[in-house]
Amino acid sequence: MAIWITNAGGGNIMSRLRRMYRNETAVPFSAIWVRVLIVSTLLIVVSVIGLFVRNLNLGLEFEGGGAWEVPVANDLQSDDVRDALRPLGLADARIQTGGGVLRVRTELTKAVQNQIDDEQQVDTVESITLVLAELANPGNPDPNSVSVSTAGPSWGDEITDKAVKALIVFFVIIALYITVRLRWEMAVGALVAVAHDIVITVGIYALFQLEVTPATVIAFLTIMGYSLYDTLVVFDKVRDNEHRLVNAKSIYREVVDQALNQVLMRSVNTSITSVLPVVSVLVIGSGVMGAVTLREFALALLIGLLIGTFSSLFVAAPIATWLHEKFGDEGADKGRSYRLSEAVKKRKSGVSASVSQPANPSIPPRPRKNKRR
Numbered sequence: 107m108a109i110w111i112t113n114a115g116g117g118n119i120m121s122r123l124r125r126m127y128r129n130e131t132a133v134p135f136s137a138i139w140v141r142v143l144i145v146s147t148l149l150i151v152v153s154v155i156g157l158f159v160r161n162l163n164l165g166l167e168f169e170g171g172g173a174w175e176v177p178v179a180n181d182l183q184s185d186d187v188r189d190a191l192r193p194l195g196l197a198d199a200r201i202q203t204g205g206g207v208l209r210v211r212t213e214l215t216k217a218v219q220n221q222i223d224d225e226q227q228v229d230t231v232e233s234i235t236l237v238l239a240e241l242a243n244p245g246n247p248d249p250n251s252v253s254v255s256t257a258g259p260s261w262g263d264e265i266t267d268k269a270v271k272a273l274i275v276f277f278v279i280i281a282l283y284i285t286v287r288l289r290w291e292m293a294v295g296a297l298v299a300v301a302h303d304i305v306i307t308v309g310i311y312a313l314f315q316l317e318v319t320p321a322t323v324i325a326f327l328t329i330m331g332y333s334l335y336d337t338l339v340v341f342d343k344v345r346d347n348e349h350r351l352v353n354a355k356s357i358y359r360e361v362v363d364q365a366l367n368q369v370l371m372r373s374v375n376t377s378i379t380s381v382l383p384v385v386s387v388l389v390i391g392s393g394v395m396g397a398v399t400l401r402e403f404a405l406a407l408l409i410g411l412l413i414g415t416f417s418s419l420f421v422a423a424p425i426a427t428w429l430h431e432k433f434g435d436e437g438a439d440k441g442r443s444y445r446l447s448e449a450v451k452k453r454k455s456g457v458s459a460s461v462s463q464p465a466n467p468s469i470p471p472r473p474r475k476n477k478r479r
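Count along the sequence shown from 1, then add 106; that gives the number in this note's numbering.
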């Protein structure tokens, strides 16, 4: 798309942008599929390597640990908090200050994780709470002002197990629906596009060591739904254009190209309207208000939305097209295209008839009034 726009000289760029806005583009998507898929394949390889080499930076909810939050009136530095926690053996704790709140997250020892009711955990949690209360209000600490939450590793294992099962059920149901509603080739293309989005998003989290929390998992699931929706819009338009295949007037690849051009502006508009609120949540909710949970959710969602828009145009469509060209039934296609073309003709004739005839033929048309001169 960018090549199609930038290849226009000078004033032609604005003309092409106007044509794009009116869905009058003729971008040769199929001509660049191979190059784009090579780039996607490289991104997937890098993501998988990063996932195995660096691993995911799992949050405390998955690895077990504790989180403390306390409102502070004075400006605390992370180094001061770290020095205060060092005698407790928690110098590597994750510390965040901002928005008038001090947040501390740290992994507890394995003994503390596995023995939630053990006295050792009570002593450790209370010691950290007292230190943070003293930092928040020196000379007059109030332990009740500190919000404490702990989680064992079993909770994260349970959530992960349920998420994997839900993912399998999701893929099976979606595959069956698209196969019945459209084509099996489209079902494969849609699922590959969803997997493409998830793998690259997870790979980015692994490469940059972004923390994975329950909010991030929710964002991943949201990405799947958005990517699938965008892909189904493309495939539904392809099905609407299949009447062109009657009498071999067009080849399937041309039909897909036409459909992609017809939904191009819609995909761009949908992406912009989806990304803008997420960016505002990321900037205002996280940057200004210091809401960590919003940042974890919005960041994953932003990455997934951008990749999902890309995959619906450049991953799902080419895979479905190649599968159809290699394994498609030409005889069944002609019959299906004929039925679609007949349906299109009936719709057109019905529209023209409704325009030319009054709604109730028994009512004569009103006579024209003579205009006074």
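Treat the hints with caution; some may be incorrect.
[Unchecked claim] In silico lysine-lysine, DSBU-like type, Cα no more than 35 Å apart, as pairs:
1. K343 <-> K432
2. K432 <-> K271
3. K271 <-> K343
Hints were generated in silico from the structure; no laboratory data involved.
Handout entry: Agreement of K432 and K271 with the hint, judged by alpha carbon distance not exceeding 35 Å
Key = holds, 32 Å
Exercise for the section: Mind checking the alpha carbons of K271 and K343 for me, to see if they're no more than 35 Å apart? Expected result: Holds, because 32 Å separates the two Cα atoms, which is no more than 35 Å.
Handout entry: Hinted pair K343 and K432, Cα distance within 35 Å
Key = Given that 35 Å is the threshold and the Cα spacing comes to 21 Å, the pair holds.
Checked against the numbered hints given earlier, this structure breaks none of them.
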